[in-house]
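Work out the full structure, taking the sequences as your base and the hints as a guide.
Here the sequence shown stands for residues 159 to 581, where the numbers follow my numbering.
Please note that the accuracy of each hint is not assured.
Below, simulated DSSO-like cross-link-like pairs (lysine-lysine); rule was C-alpha separation at most 30 Å, straight line [unchecked claim]: (1) Lys-297 to Lys-478; (2) Lys-447 to Lys-373; (3) Lys-373 to Lys-297; (4) Lys-491 to Lys-449; (5) Lys-297 to Lys-491; (6) Lys-325 to Lys-449; (7) Lys-325 to Lys-491; (8) Lys-447 to Lys-491; (9) Lys-351 to Lys-395; (10) Lys-297 to Lys-447; (11) Lys-297 to Lys-501; (12) Lys-429 to Lys-351; (13) Lys-491 to Lys-501; (14) Lys-478 to Lys-447; (15) Lys-501 to Lys-478; (16) Lys-478 to Lys-429; (17) Lys-325 to Lys-478; (18) Lys-501 to Lys-449; (19) Lys-373 to Lys-351; (20) Lys-517 to Lys-501; (21) Lys-447 to Lys-325.
Have a look at the derived ranges for each label pair, beta carbon to beta carbon [said to hold, decoys possible]: (22) Ala-506 to Ser-308: 34 to 44 Å; (23) Pro-384 to Ser-459: 49 to 59 Å; (24) Gly-430 to Ser-383: 17 to 27 Å; (25) Asn-448 to Glu-498: 25 to 35 Å; (26) Glu-493 to Thr-344: 31 to 41 Å; (27) Gly-504 to Asp-468: 30 to 40 Å.
None of these hints come from the bench; they were simulated from the model. All values reported here derive from a predicted model rather than from experimental measurement. Every residue, glycine too, gets a C-beta built ideally from N, C-alpha and C.
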Amino acid sequence: MRHNDEDQMEKLLRQMPKIKDDRDPKQIYREIQPKLVNSPRRSKVVPAFALVAALVLFALVAPMFINNMQFDMSLSGSDANSGSEESMDMATMNADETSDDSAADTSREALEDKSSLKAEGEEETNAFAAAEIHTAEGKSFVTSSFNEESEYAVTIGVSLMDVDNIKYGGYTTPLTVIVPRGENDTYVDALNKVRGAIAYQDYGTNAPIINDNVKISEGDIGLASPMPILDVSDMAKGLASYQEILFPKELSDTFSTNYTHILFSDNGSTKGVEIGQNVYDGPVELQTKNKRAYFKYHTGSLPLLVAGNDRYLSIGEALKAMTVAPEQADYSKLEASIPETVKVEGVALESDDAVVRIKLADSSVLENNDETIFALEAMMMVAKEFGLRAVVFESSQNGTIGTITLNEEVRVPYSPNPIPYSE
Numbered sequence: 159m160r161h162n163d164e165d166q167m168e169k170l171l172r173q174m175p176k177i178k179d180d181r182d183p184k185q186i187y188r189e190i191q192p193k194l195v196n197s198p199r200r201s202k203v204v205p206a207f208a209l210v211a212a213l214v215l216f217a218l219v220a221p222m223f224i225n226n227m228q229f230d231m232s233l234s235g236s237d238a239n240s241g242s243e244e245s246m247d248m249a250t251m252n253a254d255e256t257s258d259d260s261a262a263d264t265s266r267e268a269l270e271d272k273s274s275l276k277a278e279g280e281e282e283t284n285a286f287a288a289a290e291i292h293t294a295e296g297k298s299f300v301t302s303s304f305n306e307e308s309e310y311a312v313t314i315g316v317s318l319m320d321v322d323n324i325k326y327g328g329y330t331t332p333l334t335v336i337v338p339r340g341e342n343d344t345y346v347d348a349l350n351k352v353r354g355a356i357a358y359q360d361y362g363t364n365a366p367i368i369n370d371n372v373k374i375s376e377g378d379i380g381l382a383s384p385m386p387i388l389d390v391s392d393m394a395k396g397l398a399s400y401q402e403i404l405f406p407k408e409l410s411d412t413f414s415t416n417y418t419h420i421l422f423s424d425n426g427s428t429k430g431v432e433i434g435q436n437v438y439d440g441p442v443e444l445q446t447k448n449k450r451a452y453f454k455y456h457t458g459s460l461p462l463l464v465a466g467n468d469r470y471l472s473i474g475e476a477l478k479a480m481t482v483a484p485e486q487a488d489y490s491k492l493e494a495s496i497p498e499t500v501k502v503e504g505v506a507l508e509s510d511d512a513v514v515r516i517k518l519a520d521s522s523v524l525e526n527n528d529e530t531i532f533a534l535e536a537m538m539m540v541a542k543e544f545g546l547r548a549v550v551f552e553s554s555q556n557g558t559i560g561t562i563t564l565n566e567e568v569r570v571p572y573s574p575n576p577i578p579y580s581e
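In structure tokens form, the structure reads like this:
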């Protein structure tokens, strides 16, 4: 019943005449009590039957209702995918908008995950590329050859950070950089191009002393060939004691592969040039073929081949010395270059005295790894120190170690310790 009908009914009831009953309430109760006692009770069968019928009806109708809902949902999903249904109700549209937002979020997350994976992949690729430089296959710790028509192999003599440079004589070694050769470039031009651009500390070395304001040019002073002229006018020429030892060694490492002499100049004069405790009056000869042993120094990004300070009468003696570290201070980091796994059984020169045959014992473990490559190339550097042209590593096994083919003649290196460089 509506609210207005109820009001109307109430008004009608109020307009009815009043009825007065003079009977006593007790009398009224006595009159209706027998009727209440004798009145038949309502049967509960019909309500029970109605309840059962309702349950049966619900059991029949509910599956149809649920299937209809699923069909509607399936239809809505299909409409959301096709985008072609124009009679979708608002609930379906809202559901589709939510679905679209969710899909967009999922797409963004997928793109972010893809970008993240790509970045991780690039990092892994870069790490792999960096690791590739250090893989054993084809690896070398020496510069064996280069294109002399288009390149210079520049050697820069440097001293080592983590060694004793006074009591035990000091140690230097050349770093080798392959530099493109310009049309009119000299070796000195190539040297000047790169010597200030190398991160020397990355290799556990100090910057060369020539980088202390020494100007270098190539000049012809009437000798058989031009030579480097080192203008030391702006250099701090009062060298420390350890620099007195290292400076000549650095110069030999830097220039001896291309020149036999160097010349100092101070304010335009090549006479009486004072550097530390030394006075130079003309060309200075560079030391070569020093017949030294080679050791390992590895405190930076690459292990370096470093020549010792002692000279030996034979290649065999030098190789034996390389099986242990040289005498050095406790904090020095030089190591043996020939490990226990590589055993030299004998050394013999061929008849032309230009090739040495190094016999490796059958008990040697010749694996194609950094340790073995380094050891064999250290021996090749010793052969170079003795003025030989090539080496043959005689072994009971065949194959290649780094760039060295066992049982075949291999030319001695041009220089040790190649480092990367790009303009």
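Hints versus structure:
{"no.": "1", "hint": "Lys-297 to Lys-478", "result": "25 Å, holds"}
{"no.": "2", "hint": "Lys-447 to Lys-373", "result": "28 Å, holds"}
{"no.": "3", "hint": "Lys-373 to Lys-297", "result": "35 Å, violated"}
{"no.": "4", "hint": "Lys-491 to Lys-449", "result": "22 Å, holds"}
{"no.": "5", "hint": "Lys-297 to Lys-491", "result": "23 Å, holds"}
{"no.": "6", "hint": "Lys-325 to Lys-449", "result": "21 Å, holds"}
{"no.": "7", "hint": "Lys-325 to Lys-491", "result": "15 Å, holds"}
{"no.": "8", "hint": "Lys-447 to Lys-491", "result": "25 Å, holds"}
{"no.": "9", "hint": "Lys-351 to Lys-395", "result": "23 Å, holds"}
{"no.": "10", "hint": "Lys-297 to Lys-447", "result": "26 Å, holds"}
{"no.": "11", "hint": "Lys-297 to Lys-501", "result": "21 Å, holds"}
{"no.": "12", "hint": "Lys-429 to Lys-351", "result": "28 Å, holds"}
{"no.": "13", "hint": "Lys-491 to Lys-501", "result": "23 Å, holds"}
{"no.": "14", "hint": "Lys-478 to Lys-447", "result": "19 Å, holds"}
{"no.": "15", "hint": "Lys-501 to Lys-478", "result": "10 Å, holds"}
{"no.": "16", "hint": "Lys-478 to Lys-429", "result": "44 Å, violated"}
{"no.": "17", "hint": "Lys-325 to Lys-478", "result": "23 Å, holds"}
{"no.": "18", "hint": "Lys-501 to Lys-449", "result": "21 Å, holds"}
{"no.": "19", "hint": "Lys-373 to Lys-351", "result": "12 Å, holds"}
{"no.": "20", "hint": "Lys-517 to Lys-501", "result": "9 Å, holds"}
{"no.": "21", "hint": "Lys-447 to Lys-325", "result": "24 Å, holds"}
{"no.": "22", "hint": "Ala-506 to Ser-308: 34 to 44 Å", "result": "38 Å, holds"}
{"no.": "23", "hint": "Pro-384 to Ser-459: 49 to 59 Å", "result": "35 Å, violated"}
{"no.": "24", "hint": "Gly-430 to Ser-383: 17 to 27 Å", "result": "25 Å, holds"}
{"no.": "25", "hint": "Asn-448 to Glu-498: 25 to 35 Å", "result": "27 Å, holds"}
{"no.": "26", "hint": "Glu-493 to Thr-344: 31 to 41 Å", "result": "37 Å, holds"}
{"no.": "27", "hint": "Gly-504 to Asp-468: 30 to 40 Å", "result": "22 Å, violated"}
Figure legend: structure checked against the earlier numbered hints; hints not met, in rising order: 3, 16, 23 and 27.
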